[in-house]
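There are 2 protein chains.
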Amino acid sequence: MKLLHTADWHIGRTLNGYSLLDEQKHAFSQMLQIALDEKVDGIVIAGDIYDRGVPSSEAVIALDEMLRKINLENKIPIYAISGNHDSAKRLNYGREWMEYTDFHLNTLLEEAFTPIETSDTQIFLLPFFDPMDARVYYQKQGMDPQKITNIKTIGEAMSLVISDMTKLFDKNKKHLLITHFAVSPNKDTEIDLTSETNSKVGGLATLTTNQFKDFDYVMLGHIHTKFASPSETIRYSGSLVKFNVKEANTEKSIDIVDTNDDPISFVHHKITPHTDLIVLKETWETLLDPEFYSKQPIGKNWFAITIEDFKRSEHTQTNVRSQLQDIYGTVVELDYKNVEVSNNQSIEQTIDSTNHEGIVEQFYTSITGDTLSKSQKGIVNEIFTELGKEE
Amino acid sequence: MKLLHTADWHIGRTLNGYSLLDEQKHAFSQMLQIALDEKVDGIVIAGDIYDRGVPSSEAVIALDEMLRKINLENKIPIYAISGNHDSAKRLNYGREWMEYTDFHLNTLLEEAFTPIETSDTQIFLLPFFDPMDARVYYQKQGMDPQKITNIKTIGEAMSLVISDMTKLFDKNKKHLLITHFAVSPNKDTEIDLTSETNSKVGGLATLTTNQFKDFDYVMLGHIHTKFASPSETIRYSGSLVKFNVKEANTEKSIDIVDTNDDPISFVHHKITPHTDLIVLKETWETLLDPEFYSKQPIGKNWFAITIEDFKRSEHTQTNVRSQLQDIYGTVVELDYKNVEVSNNQSIEQTIDSTNHEGIVEQFYTSITGDTLSKSQKGIVNEIFTELGKEE
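Sequences listed follow chains A and B, in order.
Residue numbers for the first sequence follow this note's numbering, so the first one is 1 and each next one is one higher.
Residue numbers for the second sequence follow this note's numbering, so the first one is 1001 and each next one is one higher.
In case anyone wonders, no lab produced these hints; they're calculated from the structure.
None of the values given here were measured: they were computed from a predicted structure.
Don't take every hint at face value.
To be verified - Only pairs whose alpha carbons sit at most 25 angstroms apart, straight line, appear in this in silico PhoX-like list of lysine-lysine:
1) B:LYS1025 / A:LYS69
2) A:LYS89 / B:LYS1025
3) A:LYS173 / A:LYS39
4) A:LYS89 / B:LYS1069
5) A:LYS295 / A:LYS337
Unchecked claim - Partial pick of chain A residues on the chain B-facing surface, computed with a CB cut under 8 angstroms:
6) SER57
7) VAL60
8) ILE61
9) ASP64
10) LEU72
11) SER87
12) LYS89
13) MET98
14) TYR100
15) THR101
16) LEU288
17) PRO290
Cβ atoms here follow ideal geometry from the backbone N, Cα and C, with glycine treated the same way.
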């Protein structure tokens, strides 16, 4: 079968207060067109469908419309799971009605052990879960309490879950897994799962590819770029839209996955932004130079601008933003690097996380362009001394 | 056809912090059993399905299970609308999938003009809406702007809506309307709809029965008791559960409506509380008298107790509640009447709303059983003087 793999829609997300909904709708339309052109047998949404557990009513309406277009208007099956950003309980509402039109949505661990069966494939929909969910589930299954106590990490929980899934394998079919976790490249770089410090990426404990070796293909959500995919058959599709400056220069896409190939293959299809996110790091002089800005994609795009070697003393905060907006349009992010403050000291933005007073001072300077006065420094010191006592 | 009429489920509601969910599930089970025994052709839920626009995840799960039991497990069609307590936008999620199994849910005015057609009946599902919703709707319909400006009251909006509905009438069928408003008995008691003061009951402008004369039967939600029904064919089913002390002594029920009768008839079917709400208004001595309390339905019930002619000086606040709970179990509401305070003055609970200081004084006395001291009175006066200046 031919599946379209996407994930991390984060419907309802904003970028510094700017709504991404129009951009998300635009990306969705492209994705749907690819699905139709490629005549896919289904669209996989691998979690983080909403950005928040309780999304705005606008986000609810937008998602309903997208799902309706796929599943009811165009009769394309959906294979979806909830991610860590979704409320598993809330997103569960109505799922049994949706089954009638081949819209399969799992949000609870207990739902993951009934694979969707097609003529040649078993599709396992495993929503995001944590070790506590696994303990509750296995307790209900009547597992030995001592064994339940041993489920401490997501790695241990995942081993049990996958072991139970493989028992359901039909040997005449291929086996797909759709899930939502951070998975690291391979056994060699395996991370000590018992270590709190090392095992977390993006707030989630990391799993390794070897845990998923029984599946022919794994479609992941959670990390927003396809370049983080840990292997050729364990893949992130990435998000449809750029959510922040870090994602500004990475291409967004979806994968068309053909399960008839051996091994199962994928092809990227690019999603082109309508309103792109353009990052500029230049001096004030360059930014205001017509020679420079006439070459920038000014118009409908959003700009995230870092001003280098900025002479704070020559500007007011409001002037800077409004002058830039006059030229570039919407400036969604404004930052300063190597600010030259009033007393001619250039502050490097390297932060020593053990020096609390230093962090406050740098923050104050980067926001106001000024340094802390002697009495202000005294207050900051006093507060940290008090806080230190409480520890 | 035979329909079960219920309304105002208010799933997720609490009574002074005590969850009503178990009681709501118990009432639901009885309702479902009646529907099965009576072999109804559908269950009507006339709005206020949830208690809040953003219900708790427990409420979402509970409602999903109830709707599933009716519609998927027992294959009974559902005809439902949103009420003023529901979020029309949120509750709209998934409704088009639900249509596939004859679960009809309207939450937006624009959805009300497509009646559900059965062999002999047209069912119009008109969710709660306000004059602004009507103005937006008729603007989209291309109505003359001057006419739109004239839609000021719910009465004016309703006249337009019903007039549009009657244009869709099939003369060979009966016409049912399901909606969620306060409707007053008849033309004689019609209230001036242009008057802000008179036109609101329960926060909603009141409509009159004559507006609905073209329908063979109207199933209403909004008012929690069937005794508020304005006519024999324009009926409130009332809620399934007692929500507060005012509802404690009214019987809860659902209606079985037979549309084959002429005129259409209804029969009440009682819903028996599992945990009933018992209201007692007695003196302290009576309440603590074994002769009295041994005759009360103590056990699983909830008690709302008003202590009459209470001698505050002889008790502490905590003692009163704990002594009563020792005898009666869960006391969900505790009130005092004619409290005899320390200086032997009996305070009547009549409140002059223009005397702010008096209100505070009475509140203080009814809670603490004590009067305000001279210095406390001074503070209260000072605060109101300050507040007065701000106005």
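When the structure is checked against the list of hints, which entries are broken? Sort them ascending.
Hints 1, 16, 17 are the ones this structure does not satisfy, whereas the remaining hints hold.
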